[in-house]
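S.K.: Here is what each chain is made of, one letter per residue.
There are 2 protein chains.
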Amino acid sequence: MSLRIDNFNPGPAALPLPVIEKIKEDLPNFQQTGMSVLEISHRSDKFDELLAETITRLKRLMGLGDDYRVLFIQGGASLQFAMAPLNLCDGGRPAFIDTGTWSTKAIEQAEKLGFEPEVIASSADRGFCYIPDEFEVPSDAAYLHLVSNNTIKGTQWQSFPRSPVPMVVDMSSDILSRAVDHEQFGLIFAGAQKNLGPAGVCVVIIREDMLERKAHPATPIMLNYATYAEKNSLYNTPPSFAIYVVGLMLAWIEDQAGGLVGIEAQNLAKAKLLYDFMDESEGFYRPTAEKEVRSAMNVTFRLASEELESQFLAEALDQGFGGLKGHRSVGGCRASIYNAISLDQVERLVAFMRGFAGRKG
Amino acid sequence: MSLRIDNFNPGPAALPLPVIEKIKEDLPNFQQTGMSVLEISHRSDKFDELLAETITRLKRLMGLGDDYRVLFIQGGASLQFAMAPLNLCDGGRPAFIDTGTWSTKAIEQAEKLGFEPEVIASSADRGFCYIPDEFEVPSDAAYLHLVSNNTIKGTQWQSFPRSPVPMVVDMSSDILSRAVDHEQFGLIFAGAQKNLGPAGVCVVIIREDMLERKAHPATPIMLNYATYAEKNSLYNTPPSFAIYVVGLMLAWIEDQAGGLVGIEAQNLAKAKLLYDFMDESEGFYRPTAEKEVRSAMNVTFRLASEELESQFLAEALDQGFGGLKGHRSVGGCRASIYNAISLDQVERLVAFMRGFAGRKG
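From first to last, the protein sequence lines are chains A and B. When the letters of the first sequence are read in order and numbered with my numbering, they come out as residues 11 to 371. When the letters of the second sequence are read in order and numbered with my numbering, they come out as residues 11 to 371.
By construction, these hints were calculated from the structure, which means they are not laboratory data. Possibly wrong hints are sitting among the right ones.
Because identical chains share one entry, a pair is satisfied inside a single copy or across any pair of copies.
Only pairs whose alpha carbons sit at most 27 Å apart, straight line, appear in this in silico DSSO-like list of lysine-lysine [as the list claims (entries may be wrong)]: (1) Lys69 - Lys32; (2) Lys241 - Lys122; (3) Lys56 - Lys241; (4) Lys241 - Lys115; (5) Lys224 - Lys122; (6) Lys34 - Lys56; (7) Lys224 - Lys115; (8) Lys69 - Lys56; (9) Lys282 - Lys301; (10) Lys69 - Lys370; (11) Lys370 - Lys282; (12) Lys56 - Lys32; (13) Lys241 - Lys69; (14) Lys122 - Lys34; (15) Lys224 - Lys69.
Note that the coordinates shown come from a computational prediction; the quantities given were computed from them, not determined experimentally.
Could you put together the complete structure from these sequences and hints?
M.R.: Here it is, written out as structure tokens:
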């Protein structure tokens, strides 16, 4: 096996090689501290500096004003499915648009905790292959929960609705992948392990007025946003290594030409290459999401049979293309082409797919 | 600054250099996967193997039978302060022995969640410098919560009480530091960032009968032990890198002569060297914990004045001894001498302390 495969994993996912090389270079002596970053105290000036710089970079990239706070929380997006209603309902009901697995799970968690979620639209009727565009957001809802990109179903909101109540958005699989007005949201959260770093930290961005809402009395201390906001994510020991890698990823993103606008152009070019090729494959490769809401991050597709899909995945792996298997709940194939995947890598993948179709078509 | 200082940090803490070197060696190509360990899927055979091996090593080192399950949970020990009562009370009240900061916080969390904790003994009357030895554990308590080693106060249970109800033990700062009958506990938890690896994962060991207790209805999915037990810690994306480093630490511990008995002998030798030296310093260095319950992990001490302590800490840092400042809530000094600290390092520290006392005494 060569040093690096083309890694299309859905998450944990590929990191840019310069980020991996920087991690390696920083071992075992991080910034002349005489310790690795795994061993420095989270109460040290050095870690304070790392944390502050990471928050500054993230807010700069996202264009967020002083009324937004950045928190680093463990437990992944799945823990946010409980934290959001526990902290933000304050007697009201949360509204949801159900676009597949992750919103479904968030709805189930809110239901289980007794918050009576109101599902105002769903694309379940056609296997979540589209994003609903007709719905009315109740003006008395506590908030509206959306999933901006659906990792498993391969769909992505192309623009966001106008909402009379604050929007809570799960951006786990497309954060920092495109230029978005982030100030339209009251709460943004994202597990880092797709576009933003390694598994083990969830980035939570919250607007001050959302922080002021009264948490439910049954909220554990570690599930209260205020716990993290009041102590700058240092109430207890944070996942310091994961935060460090997020910082390296943010620096790498800032080093790319054009900021988020540049990143978006690059991501759209990668997605277009892959979708256009499949659209022209005379049905050999069949994208599963409706054309107008196809994800630029997770390109889901089927082949004519499961047997052919198995052959495709095996040959791909053999040629050094990893992570192309679809989620076990839906089957099929999926190429996750997050920020760290280059246009070159997608070109190589398309060349392989063309060859495979030629041999089998 | 030389490549490596002598790092006496309380946590995140020093890791053995061979562990850091192994992490470095595994970048960017982990076990010929063509990916780093940060980038491999938690659903891959390779990660399954890593997880299984880590659990096997931990159970082997701790001498745990088939009726114990090992879970990897995020959120640190602080999240366990909520998870333990939410999962284990089942209508009953938890009992606590309060030996300082971390048990106090666990009591506060149980109280806040409405579980009416019963504090059956406390050493608060003398600043937590001792471990209570007179108490009766109510036979109708849901469980008895103990903190085996008190990182901040410098005390450690030398042996554990007999209890008519299951014991829940917070071993965050002394797990795998000594030979203990681990099967006397119903639940063991430990943030990894002291003796066991990096920050970002909490190791939870639970006996099957404790798993069968009915969780409180207000328990979020991610706070339910069953969520982790049913999916072997893979309900959602686990902190895979942190688990990998825990695995390397366990392999390192197994490589030491004599298993936990050998580790314990080494730890006692290190602690004895430091305490004996201080006891013979004619009051220049003053250990804060009562002699019979002194911690072999966190050696807390004072000097005659805060001014002298500041000089001591500054000179120590200058000589390459880091992390010796006491916790901000108590002041003073503290040398954390977890498994990764060698006898040589403690000898160097004592030599420095002797010199400092000679100049200032």
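S.K.: Does each hint hold? Answer for all of them.
M.R.: Verification of the hints:
no.	hint	in the structure
1	Lys69 - Lys32	within (23 Å within a copy, 35 Å between copies)
2	Lys241 - Lys122	between (30 Å within a copy, 19 Å between copies)
3	Lys56 - Lys241	within (17 Å within a copy, 38 Å between copies)
4	Lys241 - Lys115	between (29 Å within a copy, 16 Å between copies)
5	Lys224 - Lys122	both (20 Å within a copy, 15 Å between copies)
6	Lys34 - Lys56	both (19 Å within a copy, 21 Å between copies)
7	Lys224 - Lys115	both (24 Å within a copy, 22 Å between copies)
8	Lys69 - Lys56	within (20 Å within a copy, 36 Å between copies)
9	Lys282 - Lys301	within (11 Å within a copy, 71 Å between copies)
10	Lys69 - Lys370	neither (48 Å within a copy, 49 Å between copies)
11	Lys370 - Lys282	within (24 Å within a copy, 73 Å between copies)
12	Lys56 - Lys32	both (17 Å within a copy, 24 Å between copies)
13	Lys241 - Lys69	within (18 Å within a copy, 36 Å between copies)
14	Lys122 - Lys34	neither (44 Å within a copy, 44 Å between copies)
15	Lys224 - Lys69	within (25 Å within a copy, 43 Å between copies)
Comparing the model with each earlier hint shows violations of hints 10 and 14; every other hint is respected.
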